[in-house]
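Going down the list, the sequences are from chains A and B. For the first sequence, my numbering gives the first residue as -5, with consecutive numbering after it. For the second sequence, my numbering gives the first residue as -8, with consecutive numbering after it.
Among the clues, some could well be false.
[Claimed, not checked] Taking CB as the label site, the calculated pair distances span:
| no. | chain 1 | residue 1 | chain 2 | residue 2 | range |
| --- | --- | --- | --- | --- | --- |
| 1 | B | L50 | A | K69 | 37 to 47 Å |
| 2 | A | V45 | B | Q57 | 18 to 28 Å |
| 3 | B | K7 | A | Q31 | 31 to 41 Å |
| 4 | A | D27 | B | A10 | 36 to 46 Å |
| 5 | A | S4 | B | G91 | 27 to 37 Å |
| 6 | B | K7 | A | E33 | 30 to 40 Å |
[Claimed, not checked] Below are the PhoX-like pairs computed for lysine-lysine, each with C-alpha atoms no more than 25 Å apart in a straight line:
| no. | chain 1 | residue 1 | chain 2 | residue 2 |
| --- | --- | --- | --- | --- |
| 7 | A | K69 | B | K19 |
| 8 | B | K96 | A | K42 |
| 9 | B | K96 | A | K71 |
| 10 | B | K7 | B | K22 |
| 11 | A | K42 | A | K73 |
| 12 | A | K42 | A | K71 |
| 13 | B | K6 | B | K95 |
| 14 | B | K6 | B | K19 |
| 15 | B | K95 | B | K22 |
| 16 | B | K22 | B | K6 |
| 17 | B | K96 | B | K7 |
| 18 | B | K7 | B | K19 |
| 19 | B | K96 | A | K69 |
| 20 | A | K20 | A | K73 |
| 21 | A | K42 | A | K69 |
| 22 | B | K6 | A | K69 |
| 23 | B | K96 | B | K22 |
| 24 | A | K42 | A | K20 |
| 25 | B | K19 | A | K42 |
| 26 | B | K96 | B | K19 |
| 27 | A | K71 | B | K22 |
Treat the hints as calculated values from the structure; they're not laboratory data. Glycine is no exception: its CB is placed at the ideal position from the N, C-alpha and C atoms.
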Amino acid sequence: MREPNTVSPSEVRQRIEYALPGAEVKVETFRGDDHFQAEVRAEQFRGKSLVQQHRLVYEALDGLLGDAMHALALKTKIKE
Amino acid sequence: MTDAAKATNWLDTFKKETAENRVFLYAKGEKGAPACGFSNQVMQIFGVLGVDYQVRNILMDPLIRQELSVWTQWPTIPQVFIDGEFVGGCDIVTEMYESGELQKKLGLT
């Protein structure tokens, strides 16, 4: 039985993939299981500023951040 | 003071302090005494660039983070404003620093 209020890297990845169909998503934990590192490559980022790109990812993780996910180090790239 | 009245205080404060200070940082901890690695990273970058910046420690009142996140549509801390514009968090400021875009935005290059 998993501790309440935790989330796995694969769950985080699936959420992002669901919100950004076709995106290449890599998610890992580092420094404990509530610090996450993610790299997201998506076509949907084209023409968007970094802030807008990151917001798309944050919206996909709505409710997790600051709660089950203490921190997320995020890198976004435009998928050609 | 009713909750509503109290709520608007922070929003008015955000607007004022981000307009009045060229570089403004919402962080966990005080200037020079960050309480979180990500806030520290941003302070280190500003230190290396010799940037004059002001800090509000969001840990002083839980309402700060709550209302700030609604205003900027950004759930995490730290948050950086330059020339009154929301620039992003630690990842974006670090990426801008590495690409030189931050230095350009601050008129250092």
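task = Please name the hints from earlier in the document that this structure breaks, with their numbers sorted from lowest to highest.
result = 1, 22, 25, 27
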